[in-house]
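Chemist: Kindly produce the complete structure, drawing on both the sequences and the hints.
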Amino acid sequence: MDDKLKELLARTNVDELVSPAARALDLNQPVASAPEPEPRTFRSTTDPLQINFAAADVLGKITTSRTRPWMRVVGMIVVCSPLVVIGLETALGAWMVAPGEFMVPQTPREYARVTLGTLAFVLLAVVTPWLIYRAARRG
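Mapping the sequence shown onto our numbering, position 80 (from 1) lands on 80, and the numbers just tick up by one.
Please keep in mind that the hints were generated in silico from the structure rather than gathered at the bench.
Incorrect hints may have been included.
Unchecked claim - Per label pair, the in silico range of CB-to-CB distance: (1) Ala135 x Thr115: 25 to 33 Å; (2) Arg68 x Arg134: 15 to 23 Å; (3) Glu36 x Thr128: 41 to 49 Å.
For glycine and all other residues, C-beta sits at the position ideal for the given N, C-alpha and C.
Modeler: This is the structure in structure tokens:
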């Protein structure tokens, strides 16, 4: 070794500057078990609208007073347009004998068919949307 290098090594604290060799890690250690997952909560089984949560949520949003008017219109279209279509199909099915041929009721059975079909149309296409709209207006 050179004299200058020996002198330099004597003046400096080399053992503190140079870290010791890395120790081997002991990888065989016990592992903590994963925590038990929380049980998944299901919706109430006593709710009669359990299958129709989306429709119930839409109707609930329509009838709250904080809902914007344009959202009410969209909700009414989403909820009520199928009712109107089904009501019209029911009325047409009650009044038509063949495609394009309307029935003129003559027997009590035909009168009952036409009356019930028309009442179903009024209930589905007029009364139900009106009740939803009234509840939204009361808000």
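Chemist: Range first: 41 to 49 Å. Now tell me if the beta carbons of Glu36 and Thr128 are that far apart.
Modeler: At roughly 47 Å between Cβ atoms, Thr128 and Glu36 fall inside 41 to 49 Å, so the hint holds.
Chemist: Using the C-beta atoms of Ala135 and Thr115, is the stated range 25 to 33 Å upheld?
Modeler: Distance hint for Ala135, Thr115 holds at roughly 28 Å.
Chemist: Holds or violated: 15 to 23 Å for the Cβ distance of Arg68 and Arg134?
Modeler: 19 Å, holds
When each numbered hint is compared with the structure, no violation occurs for any of them.
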